[in-house]
Structure formats: C-alpha cells, structure tokens
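There are 2 protein chains.
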Amino acid sequence: MLQKKPLILVTNDDGITAPGIRTLIEVMNEIGEVLVVAPDSPQSGMGHAITVNDTLFCDKVIVEKNAPQMEYSCSGTPVDCVKLAVNEIMKRKPDLCVSGINHGSNSSINVIYSGTMSAAVEAGTMGIPSIGFSLLDYSLDANFEPVKPFVKKLALECLENGLPKGVVLNVNFPKLAEKEIKGVKVCRQAKAHWIENFEERRNPLGRRYYWLTGEFINEDKGEDTDEWALKNGFVSVVPVQFDLTAHHAIQDINSWNL
Amino acid sequence: MLQKKPLILVTNDDGITAPGIRTLIEVMNEIGEVLVVAPDSPQSGMGHAITVNDTLFCDKVIVEKNAPQMEYSCSGTPVDCVKLAVNEIMKRKPDLCVSGINHGSNSSINVIYSGTMSAAVEAGTMGIPSIGFSLLDYSLDANFEPVKPFVKKLALECLENGLPKGVVLNVNFPKLAEKEIKGVKVCRQAKAHWIENFEERRNPLGRRYYWLTGEFINEDKGEDTDEWALKNGFVSVVPVQFDLTAHHAIQDINSWNL
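Protein chains in written order, with our numbering: chain A, 1116 to 1373; chain B, 1116 to 1373.
Calculated directly from the structure, the hints in this document are not laboratory data. Fair warning: this is a prediction, and the values are worked out from it, not measured in the lab. Built from N, CA and C at the ideal position, the CB exists for glycine as well.
The following residues of chain A were derived to be distant from chain B, with all beta-carbon distances above 12 Å:
#1 Thr1132
#2 Gly1147
#3 Asn1258
#4 Lys1294
The following label-pair restraints were derived from C-beta to C-beta distances:
#5 A:Leu1320 to B:Pro1279: 41 to 49 Å
#6 B:Met1185 to A:Lys1290: 41 to 49 Å
#7 A:Thr1328 to B:Lys1294: 47 to 55 Å
This is chain A alone, in the form it adopts within the complex (with noise of 0.2 Å):
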C-alpha cells in the first residue's frame, strides 16, 4: 500500500480548458497531489511533436476557483508540457503521469497521431509510470461521468502495481453509460490505416488549399485487440512501448546483400 499522497502530473492534448481535463483533474484530486501543465490551445494530432524552433511560454494560471492543483498553461505541444513541468516545474518526479481524457478514440493506428498518448509515452521515457485516457466521443459536451470510477480504478492499480519498464498504457473507453460497459480487456494494438480523403477549396484569391478528411480502415478481425474490445462495451488498455524495434525483422534483414 502507498505510504504517502502521490504526485500526480495531469495534461492532455485538446488544452487545459478542455472538460476531458477537468474531469481527469477531478479524479486525480482524489488520489493525490496534483500539479497540471498543459497547452493553452488544443494540440490534436501533434503526435510526438516538440518546440525546438520556437520559444515556450508556462504560466501559471487558475482556470477554477479555490482548486486544490497548481495549474500552468503552456504554449507548446503535449510532450513539451511534460518535459517543463517535470524538468522545470515541480520540485520531484512525479509517482505518475496521466494525460486526457481526450475527446476522442486513441484506439489502433491513431496512437501515433495522438498528442495525448505522446504525453503519456514522454513520461515514460523519463521513468514515469503513465497512462493516457481517452473516450469515444468527440464533442465538447461528451459525458464524461461513466468513465470516472474506470480511471480512478486505473491510477489507483497503476500506483501500486507500477508499470513494466519501458511501457505506458493506451486507455479508450466506449461511449456507453457506466451501467453498459462490460468491464476492461488487456489487448494489442489493432492493425489498421487510414485511407485520406483530402477536401479540397480555394482561398479568396484563387489558390488551393486542402482540408485533411479521412477514412479509418481496419483490416484485423482479431477478436483480442482494442477496437474489438470497445466494439463490444469493453473499455481497452493496450500496453504501448517506445522501443520501436522489429526484433523479429531485424534477421530478414541481416539477409540483404549490404
């Protein structure tokens, strides 16, 4: 059991206004101390991006009145949030990172777009057991109340189990009410693309420009994979890793006349 109040760092992608934070922020009050920092603006589909022609502004702001956490505002990426906050900001390394819960699937191929999901896997580059959340749902008025107890649920398991060195978890839960959800399945990464459709329209002087508009294909029918799981009521958590490496490719290729 946890001797003493954990240190929590919250962020997400979709920018420290975003309900999907608030709610994290809630949950995570009730484990233990709180620090936030995340973007001033949304950062959807920034993937692993960082600031490094640019400068970054951090400041500390109160987005609700008489909230337990201290909350920065950062003008950069999900991933250069938790690198200030945990290289700049807080005093020791946080017990735990989570980042969302982002309005939206994070399921499958799309965790490599995912600014939320790079946030978590940073942390976990740095040691930092992490999970990123995300939902289903990507309104701005998305219900957030039925994934409350699964997130609590999560933190809490994470704190006292830890993680696998090198491995952070991919969190989505379907869009149900609590009463529907089946329960949480462990699963791999289903194997899926996206086929674009880009729109395109000119500017008022002429000139083309695009629209990225997309089409997500998924070609696994695995009955052990995340988006089976949240087809079927079931919240998802794949274990995500940031060591790349196709081990198993690496004699094909050893094959080759180089």
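Chain A is fixed; fit chain B onto it per the hints.
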C-alpha cells in the same frame, strides 16, 4: 529483378531546399522516377504530427531547373506530405518512400521525435516500403558525399527484397569519410532518454519564456544497438514498427485487479 522503373516518393523534415533532400533526390534519380512532396519550411521535431486544425497548401514548384523530378512544396508536416502525396498527388502507390537525408541524428529514442522517421512510418502504414535516412551532422553544409553509395544500395535492396509487413527502416550515418565507414550494421534501438535543461529568458515586456535544450542520456551498454554501431564507425539500420503494443506486458497488466 525489377522489370520497370520504380516510382519513388521523396520527402523530409528539414524543408524542400535542404541539402539533405537534394542529395536524396539526386541518388533516387539514378534508380527510378522521382516525385518530391516536402515541407516548405523546417519541420524538425514534428514527430508524427498531422494538420487537423488548419488548412494545407501544396504547390508545384521548380527547385532545380531542368531536373527530371516533379516537386511539390507543402505547408504541412512531413506526415501531411506523405498523406497528400499518396492520396492526392500520385497516380499510383509508390514502390518506395525515402525520407531525409536528415541533418542530424535520428538514432535511439530520437526516432519518436523525428519528422523524418514519422514520414517513413506513415508511408509504412500505407503498405509502402519505406526508409528514413539521417546523417550525424546538424550543419547546413554537412557533407553528404560519403553516404551516397550506402543510400543507393539500401534503396535498391529494399526495392528488390521488400520489407516485412509493418516494418520501415531507420538508417543513420556516422559523420565520417566514405573510406572510414566500416560497413552496415542491422541494430536495435538503444535505450536512452533526454534530460531537458530549459533556458529561461525574458521577452522585451518582461514575460518569462523558455528555449528547449537537452542532454541525451544513453543508458544502454549493448553492442547490438544503433548508438554502438554509430560510435564505432558503422551505418546503423534499425527495423522500426508502428505496432506499439508491448505484447510481453499484456499478461502482467492482466494480473491487475480491474
């Protein structure tokens, strides 16, 4: 053996006029039909970011007079460039995607921050054999001559043999003369992380801001890593996967009380 001229997509993260991509285009023109879609400005450290909250411009440009390749300059990230190229610009799926040659290392954990590698990974998710190339020299006047024969050889081998499903290559070159390079080693990604030292300054109005600076910490003593290979005069080739599932950790997390 290849029957017809392969179609090769070239991109990078340093921008379309960077010496690294000009070298890559030159080598690829010896192998096949080349199409370039690359960022209109430096996009280092953009990781797997995509442009979801803004418009994208992508215009045909002539960078070199009378060059055989078609080139497009794009306002987005390296991953946007690949998505636009494959889904909007190219008449058919390319036979190969090459990204780089990056000015600076993308070995070890740097792979997750790298726009160069994320472009290669994005093409990989679309089933396109794909290689990211980087030279361990950040300077704009880096000497790319020594690496040309290796780039050509690797691209030809990749076209001939293909790559295992779900795998792309992360190739890094030491900063050495050609005759000093000892050969090519297929490696795993070294376990390493960054410790940031943010440089704090004040803007003319007195507001605090930061520049990200950091120290690379290689905690890996293995002699089968990319860091070891590069330090010992070899070209490193790491097969990289975008299935981020830590399969070995699934059983562990399943023991949690969820």
